[in-house]
Amino acid sequence: MSLENIKELIQESNNITILTGAGMSTESGISDFRSPGGVWSKYKTVTIQEFISDREKRIYYWKYKSETIPSMLKAEPNHAHLAIGKLDQQGKLFWLLTQNIDGLHEKGGVDKKRIVRLHGTNREAICLSCNRVIDIKPVLERIDVGEVEPKCEKCGGSLKPNTVSFGQGLNPEHLVIAEKASRECDLFMALGTSLQVFPANSFVDVAYSNGKPVIIVNRDPTPYDDLAKYRLSGSLAKILPMII
5 MSLENIKELI QESNNITILT GAGMSTESGI SDFRSPGGVW SKYKTVTIQE FISDREKRIY
65 YWKYKSETIP SMLKAEPNHA HLAIGKLDQQ GKLFWLLTQN IDGLHEKGGV DKKRIVRLHG
125 TNREAICLSC NRVIDIKPVL ERIDVGEVEP KCEKCGGSLK PNTVSFGQGL NPEHLVIAEK
185 ASRECDLFMA LGTSLQVFPA NSFVDVAYSN GKPVIIVNRD PTPYDDLAKY RLSGSLAKIL
245 PMII
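Numbered per the working numbering, the sequence shown spans residues 5 to 248.
Incorrect hints may have been included.
Label pairs and their in silico Cβ distance ranges [unchecked claim]: (1) V180 to G150: 40 to 48 Å; (2) K184 to G161: 29 to 37 Å; (3) G171 to Q94: 35 to 43 Å; (4) D224 to L7: 16 to 24 Å; (5) N18 to K141: 34 to 42 Å; (6) S133 to F170: 44 to 52 Å; (7) D230 to G150: 47 to 55 Å; (8) S57 to P142: 23 to 31 Å; (9) Q53 to K117: 19 to 27 Å.
Hints are computed from structural coordinates only; laboratory data are not their basis.
All values reported here derive from a predicted model rather than from experimental measurement.
From the three backbone atoms N, C-alpha and C, an ideal C-beta is built for every residue, glycine too.
Model the full assembly from the supplied sequences, consistent with the hints where possible.
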């Protein structure tokens, strides 16, 4: 296996589906949730049921988000994001399926119409009553001046960052698109993801079982490495510009 072989495969492909995880953004200064010292090790989990039913949990959750989202909003795409943006600009990107909630793929040049945000985004807030979606920056500004439990200015319902919380199902429409994207692509790439979370990891199986070549690039081993035509380990920000 050589990087030239992988580069050639990518150049020959015209409908590439890419699945990305937290490892894409670590070199942009955003913690990998599963690593020691990552976000999950500093804050307690709040399930969607707790958020809905318990005001104190809502206050705690917004405190956590108000302390972590600002740095994410300031983060810039790294060379890995820019490489995927280049693929889209070349007309080779079919769909981008991301587990990330940082919005860096859009900043990196990928058309948002081609992105399936499986776990939502920290750049928006949603009203749990009327489903109104707004930019999260004004909500954070309200918290900064003392509002501990932000409410929807339209209906008074509870606002929540527009991300998928524990106990909350993924958008069924997103799953349909992701399955189709994995089945109908001509190359499937899994980048910066441990492939330990369902249903995102199942899309590797969908691509493989439909005869699509699979490329996996991740720092650590994954349960799906045996399905990969090519498997690389290392810095995504260094590797992707070499093969795209």
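Hint check results:
Between V180 and G150 the beta carbon distance is about 42 Å. The supplied range of 40 to 48 Å therefore holds. Hint check: K184 to G161, Cβ distance near 33 Å, so the stated range 29 to 37 Å holds. At roughly 40 Å, the beta carbons of G171 and Q94 sit within the given window of 35 to 43 Å. As the Cβ distance of D224 to L7 is approximately 20 Å, the hint placing it in 16 to 24 Å holds.
At roughly 38 Å, the beta carbons of N18 and K141 sit within the given window of 34 to 42 Å. At roughly 21 Å, the beta carbons of S133 and F170 sit outside the given window of 44 to 52 Å. A hinted range of 47 to 55 Å for the beta carbons of D230 and G150 is consistent with their spacing of about 54 Å. Against the hinted window of 23 to 31 Å, the Cβ-Cβ separation of S57 and P142 comes to about 26 Å, which satisfies the hint.
Look at Q53 against K117: about 33 Å separates their beta carbons, and that is not inside 19 to 27 Å.
Checked against the numbered hints given earlier, this structure breaks hints 6 and 9; the rest are met.
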